[in-house]
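Chain by chain, the residues:
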Amino acid sequence: MRVNEAVIGALLLALMAAVFSATAAFPRMPGQPYGPDLFPRMIAGGLGLAGALMVLRGLLSRPRQPLAALAPWARSARSAGAVALALAGIVFYILAADTLGFVVSAFALLAVLMLYLGVPPLAAAITAAASTLVVEYTFASLMRIPLPRGLLVVLA
Amino acid sequence: MAAVSAAFGLIADIDVLLVILGSAVFGIFVGAIPGLTATMATALLVPVTFFMPPVPALAAIVTTTAMAIFAGDIPSTLLRMPGTPASAAYTDEAFAMTRNGRAELALGANVVYSAIGGLFGTVVLMVAAPALADLALGFSSFEYFWLACLGLTCGVFIASLTPLAAVVSLLFGLLVSTVGFDAIAGYPRFTFGVTEMMQGVSFIPAMIGLFAVSEVLRGMADPGGQAAAPQSRIGNIFRGLWPIMLRYWPNMLRGNTLGTVIGALPGAGADIAAWVSYAVSKRFSREPAKFGTGHVEGIIDATSANNAALGGAWIPALVFGIPGDSITAIVIGVLYMKGMNPGPTVFVQNPQLIYAVFMAFIVANVLMVPLGLIAIRGATYILRVPRRILLPIILLFCIVGSFAITSSSYGIIIMLVAGVVGWLMEENGIPIAPAILGLVLGELLEQTFMTSMIKAQGNLLAFFDRPLSVVLGALTLLVWAGAILGAVLKAVRARRAAAA
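If you're matching them up, the sequences are chains A and B in order. Just so you know, we're using this note's numbering here: the first sequence kicks off at 1 and counts up by one. Just so you know, we're using this note's numbering here: the second sequence kicks off at 1001 and counts up by one.
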């Protein structure tokens, strides 16, 4: 999604306000004039300044830009769906991996994405299974990363 | 000298050599596939190197990036699709050579000049880094503060066409770096009560998100961007190369030098080195009219420069902990994980590890010629792997890699957020690289700034008290003044043109 520069600028100004209000409660070190709030406030001040410039530039630019416009790909339902599905896939993995385990959730993620992108079902199943097992072997067995076992604990 | 032989012992180990070979294959594969960059290869490699000793871990990164930057030239020459952004500057030129039936010569020039460029960058790194480290031993927080400022400034003004957007990106990165315990008082900031955020935003998952996930999302939006099968028969790529090497050796030297210098500048890496070198080559050529029609001259400059930039980028990374490009930004994270905190003292405490890194550079660039030859022969197969199978698998690697760093879903969540943010930023023309620079340098900048402020009791003039801090400070302010003056002049001229 492309938005007008003024919108980005307004968001930055809001971010500056948020940082200033959040840092107001930070404690000071006794005897020191500078506390943990100084640096974030300087950065936020810079962001606010840049935001103000962007608001001006966005409002003054001719011809006037729309507030927000969809990128060409987002107008195609198929492409937008693919992006949404990829994001949903990551969220699914975060939520499901602990219960289902790595092998099941990774296979499901790969198979669904490949099917959506138009890989034939048999090919999708084989590549998804093969890559899941390769990742499981290299990461969990060789590198000893504690990938969630989930359902496989019951089987073992 | 003892350190050099110790380093040789470290690198001439069968395990290390196997790691180098494996990384070379991985680097060629990633580099040759359009849409996958050398930085992304490094980000995906880090979780794997996490479990290796320091020398094979760093050798793996060195080899992968060197091979990826070269391999990016293969699809660029054969398909007019740059495999990595570092090849984009001369893609049209190289493809024009393919259309003229001279693909072999273009590929031969790419592999040979890439290897020479890489070796040149390595030699400069070997000479310059220890010398600079000697100088840097005398640095105080004031010098480091100015150095960090200078690095950030270069990242914004030299490496970017849109300074305002780059400044926003940089400041955003700096702001994110303040999440977690602050360096001076140890007060947890912006953690929203989440325990894991107290240690800060984990850097590697953020990188994987910003570079790899955002690229996967872009690819998902357009999975059909698959190229047709390239020219399938490749002849002898070394035929006709010798006369070209004799004729264009000044171009090679110029590309190497420019590439190393640009690589060493913080924020600008191999891709900018290639663009600048190609432009310089055209500007000073005796036959500028031939550029764009399949003329090898500009390719020599640019392909020499992008590989030389890799070595150059390690100079500030090793000596000051300030990354020369986005790859070394990740490398700095790896150095910290391995207990080799970058800075001048690493040259005193662990010289054998530093020399081993230099040797890995040499081995990688020497290996490039035979492996490059094989890769060019196998290109037709590499380029046939469909993106609709590749993208989901890369996404899985991103997830597992981010998980490996934190051993919890915290890493995956950071990756997801960073991926969406990075993707939205690029959609709106805000570059990602300055944000990375800010995220990496934020802690150093804040720590040196706060230490200096407390030392100076708030007297800003103390920032200019020491001879070296005067030079660095003045340099930083000059770059800022120049950039602001330039912007004002441009606005005034635009207004006049509009009024006339």
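Since the hints were derived computationally from the structure, they do not count as laboratory data. C-beta: ideal position from N, C-alpha, C; glycine also. It is possible that part of the hints are untrue.
[What the hints assert, rightly or not] Chain B regions said to be covered by chain A (calculated; three or more residues, Cβ under 8 Å):
no., stretch
1, 1404-1411
2, 1450-1464
[Unchecked claim] Residues of chain B placed beyond 12 Å of chain A at every Cβ, according to the derived structure:
no., residue
3, Ser1169
4, Thr1178
5, Gly1235
6, Gly1482
7, Leu1485
8, Arg1496
Handout entry: Hint check against the structure, violated hint numbers in rising order
Key = 3 and 4
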